[in-house]
Every structure is written in C-alpha cells, then in structure tokens.
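*Asks:* In case you want the letters, here they are:
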Amino acid sequence: MKEPFFVLIKKELPNYPLATMDAILLSRIQFAFTVAFHYIYPPLSIGLGVVLVIMEGLYLRTGDRIYEQMTRFWIRIFALIFGIGVATGIVMEFEFGTNWAVYSRYVGDIFGSALAAEGIFAFALESGFLGILLFGWNRVSPKVHFFSTIMVALGSMFSAIWIVVANSWQQTPAGFKIEGSGLNARAVVTDFWEMVFNPSSMERLAHVLVGSLLAGSFLVLSVNAYYLLKKRHETIAKAGFKIALVVATVAGLMQLFTGHRSADGVAKNQPAKLAAFEGHYDSLAVADMYLLGWVDARKETISGISIPKGLTYLIHGDFTTPVKGLKSFAPNDRPSAVNFVFQTYHIMVSIGMALIGLTLLASFLWWRGKLFDHRWLLQVFAWSVLLPQIANQMGWYAAEVGRQPWVVYGLLRTSDALSQALRAEQVLFSLILFTVVYALLFVLFLYLLNKKIKHGPVDDAHHVEEVPLFSKRDNPIL
Amino acid sequence: METILGIDLPTWWFLVVGGVFSGYAILDGFDLGAGALHLFFKKEESRRIALNAIGPVWDGNEVWLVIGGGALFAGFPVVYATVFSAFYELFMVFLVMLILRAISIEFRSKEPMKWWRQLWDISYSFASIAIALALGLVLGNVIQGIAVDQNYTYRGTLLDFFNPYSLLVAVTTLALFMMHGAIYLVMKTENRLYAKLTILVKNTTIFFVLMFALTSVVTLLFVPHMVARYKEIPYMFGVPLLAIVATANITRQISARRYRWAFVSSTLVTASLMLLVAVGLYPNIMLSTLDARFHLTVFNGASSPKTLKTLLLIAAIGVPLVATYTAFVFWTFRGKVHLDDSSY
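Protein chains in written order, with my numbering: chain A, 1050 to 1527; chain B, 50 to 393.
Because the hints were derived from the structure by calculation, they are not lab data.
Using N, Cα and C, we set each Cβ at its ideal position, and we do this for glycine too.
Do not rely on the hints blindly, as some may be mistaken.
[To be verified] FRET-style restraints, in silico, Cβ to Cβ:
no., chain 1, residue 1, chain 2, residue 2, range
1, A, Ile1502, B, Glu138, 49 to 57 Å
2, A, Asp1422, B, Glu239, 28 to 36 Å
3, B, Asn349, A, Leu1074, 30 to 38 Å
4, B, Trp164, A, Val1485, 36 to 44 Å
5, B, His274, A, Phe1241, 35 to 43 Å
6, B, Trp164, A, Ile1502, 22 to 30 Å
7, A, Leu1074, B, Lys91, 45 to 53 Å
[What the hints assert, rightly or not] Over the 10 Å line for every Cβ pair with chain A, so calculated as not near, a few chain B residues:
no., residue
8, Ile56
9, Tyr129
10, Ser134
11, Ile152
12, Leu216
13, Leu249
14, Leu270
15, Phe286
16, Gly287
17, Val288
18, Leu291
19, Arg301
20, Leu339
21, Ala341
22, Ser353
Build the full structure now, drawing on both the sequences and the hints.
*Replies:* In structure tokens form, the structure reads like this:
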C-alpha cells in the first residue's frame, strides 16, 4: 500500500530474506500444523455446546431421565475436548510472538484487543461454568445447572467471535490507520466497531459457527449410530440421534447459505483468492465453474468437469459479466499454490453437499418412521464424524493459503512477518517437539474418548462427585 | 497524555498485566510446587491424594496464563513480540512441558500397572519442575535485561539466558513454588501424608528463605538498576519489607501449625515479590543490555490510547468476573481430599 514495508526491511537488514527463507517455511509449517491440530477441538465444543443446551432443556421440560443421562454423558466428552482445546490453544497464543514477531507488532493494536477479549470473556465464561457442569449436579439447582450449560455454550461461541473477527481483519482490514514505517509500522485502531465489523467478519463468523454445529452434531450422530449398531443404550441412543439429526439438518442447509455469502464476499474483497478457489486464470473472461479439476500452476491451466459460465452466474447472476482471473494480478501478489487451494476448497464444498444429502435422507426416513431400519445408514453415520472435520480443515486451508502471499491482505506479506532473528534450526527444533507431543496428545484424546464412549451414558449417579461438606473451621482456603 | 485517577493509560495496563501474571504465579505456583514435590511421596495412595488436591483447579489456574499472554499482546504488542521471539527455545520447551504435564495428570490414573504410574509420576514432576525453572529463568533475564537492538531483535544466544543470576532466580522461583505447594498440600491432607508434609513444609520454607536471602544480596550488589527506583522513592521500600515480613510470618504460622495463614502469607510473598520486580523495572518492561535507548518501556511498547482504553474497559468488566468464578470453584472444592471413583 502506501508503505513499501518489505523494501524498508530489506534496506535495514540486508541479509534478511536469504538467511531466513527456511525459517519462514518451517514457521509456516509449524503454525499450520499446530493451528490445524488445535482446530479439531473448538468446533466440536461449539457444536456440542448447542446440542447440550437442547438436551438439558428437554430434560428440564420433560423431566425424562433419558435426557439427563445423555446430558451428563456428553458433558464428560465436552470436558475432554475442551481440555485439549485449551492445551493446544495456549500454543497458538505464544506462537504469534515467538515466530511472527513483526506481524505481532504490526497487528497488536487490533489483534491484541480481540485476543484479550476472547481470553477474559469467552474463555473465562466457558472454563468457569464448566466446573459447575461437571461437578455441580448435586450442588446447584437444575435451573442453575441449565443456566451454566447455556453460559458454557455461549462462551465457546464468543471465543469463535473474537478469533474469527481477528482473522477476518487479516483478510479484509478495516477501521485502522498505519503509523510508522519499516519495522516500526503498525496498524492502529481508528474505529473499534468498524474493525470488528470489517467487510468479511460477519459472513465468515456465520460460516465458522455453522461449520462447528456440523462438527458437534455429527460427533453425537456418530457415537449414537455406533451404539445402535452395537445394540447398546438403544433408547438413549435413538433419542440423542434424533436431537443431533435436527441440528445437523438445519445446520447443513444453513451452511449452503453462509457458504454462498462467504464466497460472494471473497469475490468482492479478495478476488485473487476467489480465482484460486476456482482455478480461474484468464483475466476478464466469463468463468466456468469446475466441479472436479486439476490445476497446473506452472502452465496456468485447469482441466476437469465444469458447468459452463457457472462461476459467472453464481457471482454476478448473469452469463456475460467476466470474472477477474489470477492473471490479472502480479505473480507476487497472488497465491502460488493454486491447485492446493482449488482442491481443498472443492473438497470442502463437496463434503458440505454430501452432508446435506445425508441429513436430508435421514430426515426423510425419520418422517417415514424408518430411520433406524437400515444398518448401512447407521454405518455411514458412525464414520460420518470425520466429514465435517475434514471440511472445516479444508475450508481453513483454502482461506489461509488463498490469502497468501499476504498475512494481512494487501498490507503485510507473510515473508515479512517473521521474527527477524529466528533461525531455521530453532524452528526445526520446536517443530519436532510439537510433532512428538501432539502425537502423544492425540493418542491420549482417542484413548480417553474411546474409553468414555465404551463406558457409555449409564450408571452416572454413582460417578457424581461427592465431596463431603466440611465446617468452616476445616476450610483451608477461605 | 490521557490519565485515569492521575495515572496514565499504559501504566494502568502495566498494573493489569502485572496483576494477572501475579495471579498466575500464585495460582499455578502452588500446583507446580505440588508437582515438584510429587516424587517425595512414596506410596500410591499419597500420590493420588496429592494429585487430586490440585485435580479440580490446575486447569483453571492455567487460564490466568492465557489471559496474561493475551493482555501482554493486546496492551504491549512490541514487548510481547520482542520477548517471545527472543526466548524462542525457552518458551517452546515451556509450552511442551505444559502439555506434557497435562498429559501425565490425565494418563496416570488410566492404567493400574506400577511402571505405568511411575512413568507418568516422573514426567509430571519433571514437567512441573521444568516449568517453574523456565518461568524463573525468564524472570531473571527480564530483571537483568537482554541484548535487544534497535529493531527489537535479540542479538544474544540461547546460552546467554543461562547466566548465573538468572539461574539463581530460577532456583528461587522453584523454591517459592515448592514452599507454596507444600503448604497447599498440607492443608488438603490428613494422617500420615499430613505428617510427612509438615516436614516438607519446613524444609521447603528453609530452602526458600535461603534462596530469597541469597537472591536479595546478589541483586543489591550486582543489579543496581533494580535498586535505583527504591532509592528514588523511599516509601517503596515497603514492598520488600512486606515480602520479608510475610516470609517471616510463614515460619511463625508453620510452627503454630496454622497452615491456612501460612498459605495466605506465601500468597502475599509471591504477590509482593512480583510487585518488587515491577516497581524496580517500571517504566521499563524489557531492558536492553546493548543501549539504554533500546529499552522497551510501558510507553514505547504500548498500544494506542484508544486500544488501551478499550482494554481497560474489558479488564474492568472481565477481571472481577474471573476472580469471582475462581473463588467460587475453590469454595466448591474446599476441605481435605477424599478419593472416590471420579478421582484421578
């Protein structure tokens, strides 16, 4: 933009680009790896939170023990997911500073307040009330417990709000001015609400939240389908399956809408990214929409199955207006991994469609009273938990790689955002550490999840914490 | 410059960040200390009780670190970026140890084999000690300053962080946490484990008093800039005085077996030591050993006044909320630990 940021850095630090090239690549790999791993968990807690509110709400309305049992069961699963989300989330918070110090200084004024708001409002709300959810069954009234469940669900959504706002600001910066230059350049908030409601934040937030609903509800569908296949806890499993199916069906259809809105936003705000999504190179040509394809980034061509003029129609609503192609952008201003962006984007869309088909089919069978008659369908649902996870991951890969070469779109290049003194071997060291520890963490997660699922939603009353009440004299803390 | 109650915005935020990190040191301090002492307990039941004493709270204690990190990033992005990139390896090891510790606590109780539990006991205790030492090492380097140049780039090496003074602060931090943790555990236990812990409390307190005295003397002799502020404003000597009085009170309460009051005192010690460092550093946060012009202060390292005001509003609403729920959780899990089938 105004300040040729990278030119100044190069003047100030002559050896910078060559000396740190590998550190950049390794840092990107490390960040991608740690954030992708982290992102397995938050969508699950957000989606599960909503399902929990419905389950416990039904329990309060009907007084049926079935709903209480399933609520207790899913709260235990929620706690496990939340715990790992916390552990891997702290890493993200540190990595901005350790690996991307220039970026952190640049966006601190903006990103920082969102992150602080996330920590103190969302995170505190969530972890605070989670204690009551887990251990408070005998200590608070059912209504207070239900209130706590709502707070936990809200808390997990609030964190999505602040994190997506911060990330959206990187995609479509707004409400700021640049102060200083070179290494001292930083974006300073001029209008807090304009920053929060930047052009892409709300549509991306909706897309992320609905994606999370899919992740959470399909976990519930999957576990209950597994129980039904094994003929265990059938009454609870059927009731739980139906609750999750409602959420999943509604979410699937909503995702059609939020997805379309997001894509429209990308077309408007980040045309180079949209062109990469669709593998569209030709400048100012009417664009086909590829359902399947392969991009040759070197030859700048795409081949595959397409709907003629489909993309033009989807974006402009007619068959004549051209769509800006990748060739309209200077090679160093547009993403280079076009095939990767194309494929991840298309996998996401395809899975989204498949999920809609699957939930509509199941809803239809439910209507006909045959929902649980087909073993194959239950088997599909038992494995279906992976689909929203993959779609969520692919969507973010497309969004973040498609934003390249910028870390803050149009303002700060990823290659200029790295901590200056960082050396490749340092990053390699930490990357290996994270790989080992995250592998261990993932094994732990699967092990504990499996154990909890095998144990099932029964015999819960015996497992409720029974802390003896002591007199004030024996109270060590207060 | 804009002020609230006569104090400018960056200084307010400095107080908030300092307060949150003090909260972290106090809260995670005792569970890290409990972890550091873990291998002193030989019997399986003792170890389980010790683990369950921190079981419901350790995760919540770590929330304060998340908030502290966010608060630093938000209000002092320049400091956050500079410090975090400078201490790269240390922080990476720190993070990995945090995760390893969580894994150990969760894994341990899931299988009954002796070797299995011993393995996770060792990794739990090792990670706790490593975290405490890493925190102390960073603190020691912050007190002394590091080689930061005009581009906020660290020009030293990893080995420079392991200087004698910082190592001393690291061991002192560990000693403080061990004492704090021992006092916490003694409140939560009964019978033979309680008896054993009364001895551990005494020993760790002696250990801490020795390290505290040694660190104080070394600081007075070799880190003059930490003393300057106190000479400038003599009533600030109240802070070290408070730390000394609170430490003395710990020994008094321990001999009287009033462990609740000993815990209050060790909390005070931790808080006053953090304040001691904050007063000594202010207005600097990260000193440069290369040139005084490169010091990062609360002023040149801060976000814009507009953001600071937003942040202060967020903190004014958020911090009391977090404090309330923390108190509530501790209240819920008050009393001696009794193992049941939901325990670790």
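*Asks:* If a hint holds in the structure, say so; if it does not, say that too.
*Replies:* Evaluation of the provided hints:
no.: 1; hint: A:Ile1502 to B:Glu138: 49 to 57 Å; result: violated, 39 Å
no.: 2; hint: A:Asp1422 to B:Glu239: 28 to 36 Å; result: violated, 58 Å
no.: 3; hint: B:Asn349 to A:Leu1074: 30 to 38 Å; result: holds, 32 Å
no.: 4; hint: B:Trp164 to A:Val1485: 36 to 44 Å; result: violated, 21 Å
no.: 5; hint: B:His274 to A:Phe1241: 35 to 43 Å; result: holds, 37 Å
no.: 6; hint: B:Trp164 to A:Ile1502: 22 to 30 Å; result: holds, 27 Å
no.: 7; hint: A:Leu1074 to B:Lys91: 45 to 53 Å; result: holds, 49 Å
no.: 8; hint: Ile56; result: holds, 19 Å
no.: 9; hint: Tyr129; result: violated, 5 Å
no.: 10; hint: Ser134; result: violated, 4 Å
no.: 11; hint: Ile152; result: violated, 5 Å
no.: 12; hint: Leu216; result: holds, 21 Å
no.: 13; hint: Leu249; result: holds, 16 Å
no.: 14; hint: Leu270; result: holds, 31 Å
no.: 15; hint: Phe286; result: holds, 31 Å
no.: 16; hint: Gly287; result: holds, 27 Å
no.: 17; hint: Val288; result: holds, 25 Å
no.: 18; hint: Leu291; result: holds, 22 Å
no.: 19; hint: Arg301; result: holds, 18 Å
no.: 20; hint: Leu339; result: holds, 13 Å
no.: 21; hint: Ala341; result: holds, 19 Å
no.: 22; hint: Ser353; result: violated, 5 Å
Violated hints for the displayed structure, listed by number in ascending order: 1, 2, 4, 9, 10, 11, 22.
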